[in-house]
Amino acid sequence: MANRSQTVRRNSNWILHLVLIAASVVMIVPFVWMILTSFKTVTEATQIPVVIFPSHWNFSSYAKAFEKSDFTHYYLNTIFAAFMKTLFPVLFSSMAAYAFARIRFPGRTLLFFLIISVMMVPNPVFYTPQYLLMSKWGLVNSVTALWICSLVSPFATFMLRQFFIGISKELEEAAILDGCNPFQTFRYIMLPLVKSALVAIVIIQLLWSWNELQWPLIINSSPDKLTLSSGLATLVSMFSTNYPILMAGAFMAVIPMIVLFFLFQRRFIEGVAFSAHKG
Amino acid sequence: MNSRSRYVWAYVMIAPTLLGTVLFWSWPAVYSIYLSFLKSENFGLVNHWVGFANYEKLFKDHEFWRNLRNTLYYTVLFVPLTLVLSTFFAVLLNAKIRGLSAYRVIFFLPQVTMPAAAAMVWVVLFARDYGLINYVLGTHVAWISDAKFAMYALVIVGVWGAIGFNMLLILAGLQGIPRALYEAAEIDGAVRFRKFRYITLPLLTPTLFFTSVVLMIGATQIFDSIYLLIGKTNVALPAVRSLVYAYYQNAFVYYDQNYGAAIVDVLLVINLVLTGLQFAFQKKWVNYD
Chain U
3 MANRSQTVRR
13 NSNWILHLVL
23 IAASVVMIVP
33 FVWMILTSFK
43 TVTEATQIPV
53 VIFPSHWNFS
63 SYAKAFEKSD
73 FTHYYLNTIF
83 AAFMKTLFPV
93 LFSSMAAYAF
103 ARIRFPGRTL
113 LFFLIISVMM
123 VPNPVFYTPQ
133 YLLMSKWGLV
143 NSVTALWICS
153 LVSPFATFML
163 RQFFIGISKE
173 LEEAAILDGC
183 NPFQTFRYIM
193 LPLVKSALVA
203 IVIIQLLWSW
213 NELQWPLIIN
223 SSPDKLTLSS
233 GLATLVSMFS
243 TNYPILMAGA
253 FMAVIPMIVL
263 FFLFQRRFIE
273 GVAFSAHKG
Chain D
3 MNSRSRYVWA
13 YVMIAPTLLG
23 TVLFWSWPAV
33 YSIYLSFLKS
43 ENFGLVNHWV
53 GFANYEKLFK
63 DHEFWRNLRN
73 TLYYTVLFVP
83 LTLVLSTFFA
93 VLLNAKIRGL
103 SAYRVIFFLP
113 QVTMPAAAAM
123 VWVVLFARDY
133 GLINYVLGTH
143 VAWISDAKFA
153 MYALVIVGVW
163 GAIGFNMLLI
173 LAGLQGIPRA
183 LYEAAEIDGA
193 VRFRKFRYIT
203 LPLLTPTLFF
213 TSVVLMIGAT
223 QIFDSIYLLI
233 GKTNVALPAV
243 RSLVYAYYQN
253 AFVYYDQNYG
263 AAIVDVLLVI
273 NLVLTGLQFA
283 FQKKWVNYD
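Top to bottom, those sequences are chains U and D.
Numbers given in the working numbering equal positions in the first sequence, counted from 1, plus 2.
Numbers given in the working numbering equal positions in the second sequence, counted from 1, plus 2.
A couple of the hints might just be wrong.
As the list claims (entries may be wrong) - In silico DSS-like cross-links for lysine-lysine, where the CA-CA straight-line distance does not exceed 27 Å:
(1) Lys-138(U) x Lys-41(D)
(2) Lys-66(U) x Lys-234(D)
(3) Lys-70(U) x Lys-41(D)
Said to hold, decoys possible - Computed far set for chain D versus chain U, every beta-carbon distance over 10 Å:
(4) Tyr-13
(5) Val-48
(6) Tyr-57
(7) Lys-62
(8) Leu-70
(9) Tyr-75
(10) Leu-83
(11) Val-86
(12) Leu-134
(13) Met-153
(14) Ala-174
(15) Leu-176
(16) Ala-182
(17) Tyr-200
(18) Ala-253
Since the hints were derived computationally from the structure, they do not count as laboratory data.
A virtual CB, placed ideally from N, CA and C, is assigned to each residue, including glycine.
Using the sequences plus the hints, can you model the full thing?
Put into structure tokens, the structure is as follows:
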């Protein structure tokens, strides 16, 4: 009896792995195809029947993508915007979140509601007025426009407040007795305690801004002001069916985040999963 | 330290976030509604109040209804499919199996991939004559340029991108179910499917509900994959064009900000209803604990 149930379990385990491996292949094929196609010649990429491997591993499509479009600027703009959209929201939100969580002050509930209420509004609703604001400030088609509207993050403020609320009050009370002002208490006692939440916010902000398409597409149009996302969109209109160049561009755009993901797998998965608990 | 100076600290600490939010987010949200009641001329230099004229035009516009229907149709296909597949794989991974973390990483990979780049690869995979998908399936379908199939292509790309993340959320929900319940069921001789039906599913309902609301909110805002997978010159575009895509076209290609604002305000209403639903049910479930 015991033997039979063990056999059943082993068999079902085998089926389980088969299903999971098949699904994994489907998940990975687009990445593999992206890489393989980027090394093919145009003829190989559009050959019938389909050829899987390129006959030579040539990098010419990567060189051409760099040559024909402004990838250096795409990288610099994306990295800079992602840096600004990560650093400032983390800085501002953690301060605000601490104050909302731990200091009682007149108007606290009202002001907090004012901030988090924008989380219910879908992003495209903001774009036209933000565009008009940028245009008023003469920032349309500038690198500044890529990040300035995202200097603050209601979402990060909301998430971090939840974390500060969850921390016991004893340490904080000791700090106050020792004469720390609220900012010092925040900086030296409380902030180190929410480190894991801060890392999660950093990862979420980084991913969001790296991958964002619509706003960069709307606000900037000169080649040297595009991000990787909006740059890829112009690459598509330039080389509609030159698949090797398109795939080389796509690969260059995704590889930094994928490398970061492999280096910090656990942090990424926890960080992004954390973003879903905003309810 | 007296409480008045603590107030001052609090205001100083919230000031950047508060001012930034009001300037860049709250005011634009309100202004977007105001814009939908105006008619702008000379690139916004002259504005006339026109009341509900933009909405009247919108509701008489067949294209708007078609875009709304496309958006809802995408949502209705994408959300249940993602939910079922994510739950299926979460249940498989909830067993103690070897290679769990490898599977997690693989399934999660699309989540860290730029949607624009992902859509471009799918263009290559979906190609009619020399695409891998038709080659493997032995079909000859114009996935992207045939109005009958374009929506399914979008849904496939969407589900591929969403499974990993939602699977993780559901897996977290599964791991919150006490083992003892399953052990008790095993003593009673319950088989695997019955355990899933009578223990897992009821206890997972709150997780599934929230996951589906978050998915719905995301699905109603679909833009990136339409822009890059389907493209502006594609004959199949009218069959998949979403509200956000129509907003983008009207506001930034045809430069009719007011009409664009009216479109996007309809989306706002849809999303407020979804969020309201989320809050209403959240209250209900929290009381059950």
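Given hint Lys-234(D) paired with Lys-66(U) - CA-CA distance at most 27 Å: holds (25 Å)
Can we confirm that no CB of chain U comes within 10 Å of the CB of Leu-83(D)? holds (14 Å)
Against chain U, does Ala-182(D) hold up as non-interface, every C-beta pair farther apart than 10 Å? holds (21 Å)
When you look at the beta carbon of Tyr-13(D), is every beta carbon of chain U farther off than 10 Å? Its Cβ does come within 10 Å of chain U, the nearest being 7 Å, so this is violated.
Just want to verify: Met-153(D) was marked as not at the interface with chain U; is every Cβ pair farther apart than 10 Å? holds (19 Å)
Consistency of the no-contact label for Val-48(D), given chain U and a CB cut of 10 Å: Non-interface label stands for Val-48(D): nearest chain U Cβ at 14 Å, farther than 10 Å.
Interface exclusion of Val-86(D) relative to chain U, criterion Cβ beyond 10 Å: holds (13 Å)
Please settle this one: Ala-174(D) was flagged as non-interface, so is its CB more than 10 Å from every CB on chain U? Not fine: 7 Å to the nearest Cβ puts Ala-174(D) too close to chain U.
Are all C-beta atoms of chain U more than 10 Å from that of Leu-70(D)? holds (14 Å)
Is it true that the CA of Lys-138(U) sits at most 27 Å from the CA of Lys-41(D)? The given pair, whose Cα atoms are some 19 Å apart, holds under the 27 Å limit.
Grab the minimum beta-carbon distance between Tyr-57(D) and chain U and tell me whether it stays above 10 Å. holds (15 Å)
Please check whether the beta-carbon of Ala-253(D) is more than 10 Å away from every beta-carbon in chain U. Ala-253(D) is in fact no farther than 10 Å from some Cβ atom of chain U, at 5 Å.
Of the numbered hints stated above, those contradicted by the structure are hints 3, 4, 12, 14 and 18, listed in ascending order.
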